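Trainee: Based on the sequences and whatever the hints tell you, model everything.
Residues in the sequence shown are numbered consecutively from 85, following the numbering used here.
Take these hints with a grain of salt, some might be off.
In silico lysine-lysine, DSBU-like type, Cα no more than 30 Å apart, as pairs [what the hints assert, rightly or not]:
(1) Lys174 with Lys355
(2) Lys259 with Lys303
(3) Lys269 with Lys259
(4) Lys260 with Lys231
(5) Lys221 with Lys136
(6) Lys324 with Lys260
(7) Lys172 with Lys324
(8) Lys231 with Lys221
(9) Lys172 with Lys325
(10) Lys251 with Lys174
(11) Lys251 with Lys303
(12) Lys226 with Lys174
(13) Lys345 with Lys136
(14) Lys324 with Lys174
(15) Lys269 with Lys251
(16) Lys324 with Lys221
(17) Lys172 with Lys251
(18) Lys355 with Lys345
(19) Lys324 with Lys259
(20) Lys355 with Lys251
(21) Lys269 with Lys226
(22) Lys172 with Lys259
(23) Lys172 with Lys269
(24) Lys324 with Lys303
(25) Lys226 with Lys325
Please keep in mind that the hints were generated in silico from the structure rather than gathered at the bench. Just so it is clear, the structure is predicted and the values come from calculations on it, not from any experiment.
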Amino acid sequence: MNARLILIIILTTGFAGCKETVDPNEPTGFIQVKGSDTIVNAAQMVSEEFMKDYPHVFVAITGGGSGVGIASLINGTCDVATASREMKQKEIDIANQHGVAPREFTVAYDGVALIVNEQNPIDRLTIEELHRIFTGKTTNWKDLGGKDLEIVTLSREVSSGTHIYFKEEVVQLGKKGSTEEFYRKTLLLTSSQAIVEEVVANEAAIGYLGMGYVSERTKALFVANDDVGYPPNVDNVQQKKYPLSRPLYFYTNGEPNGVTKLFIDFTLSPKGQMQFSETGFVPIGDTDIAKENQ
Numbered sequence: 085m086n087a088r089l090i091l092i093i094i095l096t097t098g099f100a101g102c103k104e105t106v107d108p109n110e111p112t113g114f115i116q117v118k119g120s121d122t123i124v125n126a127a128q129m130v131s132e133e134f135m136k137d138y139p140h141v142f143v144a145i146t147g148g149g150s151g152v153g154i155a156s157l158i159n160g161t162c163d164v165a166t167a168s169r170e171m172k173q174k175e176i177d178i179a180n181q182h183g184v185a186p187r188e189f190t191v192a193y194d195g196v197a198l199i200v201n202e203q204n205p206i207d208r209l210t211i212e213e214l215h216r217i218f219t220g221k222t223t224n225w226k227d228l229g230g231k232d233l234e235i236v237t238l239s240r241e242v243s244s245g246t247h248i249y250f251k252e253e254v255v256q257l258g259k260k261g262s263t264e265e266f267y268r269k270t271l272l273l274t275s276s277q278a279i280v281e282e283v284v285a286n287e288a289a290i291g292y293l294g295m296g297y298v299s300e301r302t303k304a305l306f307v308a309n310d311d312v313g314y315p316p317n318v319d320n321v322q323q324k325k326y327p328l329s330r331p332l333y334f335y336t337n338g339e340p341n342g343v344t345k346l347f348i349d350f351t352l353s354p355k356g357q358m359q360f361s362e363t364g365f366v367p368i369g370d371t372d373i374a375k376e377n378q
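Mentor: Below is the structure:
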């Protein structure tokens, strides 16, 4: 028997000995999750904990933006779409035309934080002041009591659910039918982390992001509807005091079943919700939103 044949026998025997016997009652499968960059880190942590409990189910998490996730759900290339905004009626209509019936799950709360450079003396802005900044009506920090610097506005790209939420609530002030747009000089960045890095490097910059991405390297502003301002933190979001609070969503095609149902149920469980808490978001807890999922 030559050396090559002996090696083949040894390798074959070794692989056979390593083969794992899977309990036929153990859930197995693959879950594709796509969408919101705001949620991607929390979803990744949820999936890692989920796979500890269900080691024969693999969960793949990718970002790209809420719009990407919703489009993937519609065209059948994901099992769960993640979104930092509600699906639009036109998206639901298109989904229905493709035989997809979106089922919405609120999985956490978020506060959209406004961040500036630590050297910026401004600590608080109203929604109206933010509106004027991001539409180009106010272009210098000195007009708000700050330094004589031209304001540099930063935004997420248009596929981002946070972009759409901020546009509707701040740029358009929540007015249905408004056609106001972001200031033409606004820089569109591909991720929340990119916004953080630009604000750190640029004393004149201001950007927005999910509060799970707030960094000690920047300053998160108090945001006010009128005279009273609140920082983006868990208590203020839970109590709906922070003006830019919003739910975060998972979407499935109809009522989930099989391993997808296991994943959704795990996400809404205390163990799954803990991952949102640990990434800076607000668990749904015993709130009215939690009851909506029942």
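Trainee: None of the hints should be skipped; say for each whether it holds.
Mentor: Structure-based check of each hint:
{"no.": "1", "hint": "Lys174 with Lys355", "result": "violated, 35 Å"}
{"no.": "2", "hint": "Lys259 with Lys303", "result": "holds, 29 Å"}
{"no.": "3", "hint": "Lys269 with Lys259", "result": "holds, 23 Å"}
{"no.": "4", "hint": "Lys260 with Lys231", "result": "violated, 35 Å"}
{"no.": "5", "hint": "Lys221 with Lys136", "result": "violated, 52 Å"}
{"no.": "6", "hint": "Lys324 with Lys260", "result": "holds, 22 Å"}
{"no.": "7", "hint": "Lys172 with Lys324", "result": "holds, 23 Å"}
{"no.": "8", "hint": "Lys231 with Lys221", "result": "holds, 17 Å"}
{"no.": "9", "hint": "Lys172 with Lys325", "result": "holds, 26 Å"}
{"no.": "10", "hint": "Lys251 with Lys174", "result": "holds, 18 Å"}
{"no.": "11", "hint": "Lys251 with Lys303", "result": "holds, 22 Å"}
{"no.": "12", "hint": "Lys226 with Lys174", "result": "violated, 42 Å"}
{"no.": "13", "hint": "Lys345 with Lys136", "result": "holds, 16 Å"}
{"no.": "14", "hint": "Lys324 with Lys174", "result": "holds, 28 Å"}
{"no.": "15", "hint": "Lys269 with Lys251", "result": "holds, 15 Å"}
{"no.": "16", "hint": "Lys324 with Lys221", "result": "holds, 28 Å"}
{"no.": "17", "hint": "Lys172 with Lys251", "result": "holds, 14 Å"}
{"no.": "18", "hint": "Lys355 with Lys345", "result": "holds, 16 Å"}
{"no.": "19", "hint": "Lys324 with Lys259", "result": "holds, 20 Å"}
{"no.": "20", "hint": "Lys355 with Lys251", "result": "violated, 33 Å"}
{"no.": "21", "hint": "Lys269 with Lys226", "result": "holds, 18 Å"}
{"no.": "22", "hint": "Lys172 with Lys259", "result": "holds, 16 Å"}
{"no.": "23", "hint": "Lys172 with Lys269", "result": "holds, 27 Å"}
{"no.": "24", "hint": "Lys324 with Lys303", "result": "holds, 21 Å"}
{"no.": "25", "hint": "Lys226 with Lys325", "result": "holds, 28 Å"}
The structure does not agree with the numbered hints 1, 4, 5, 12, 20 stated previously, though it agrees with the rest.
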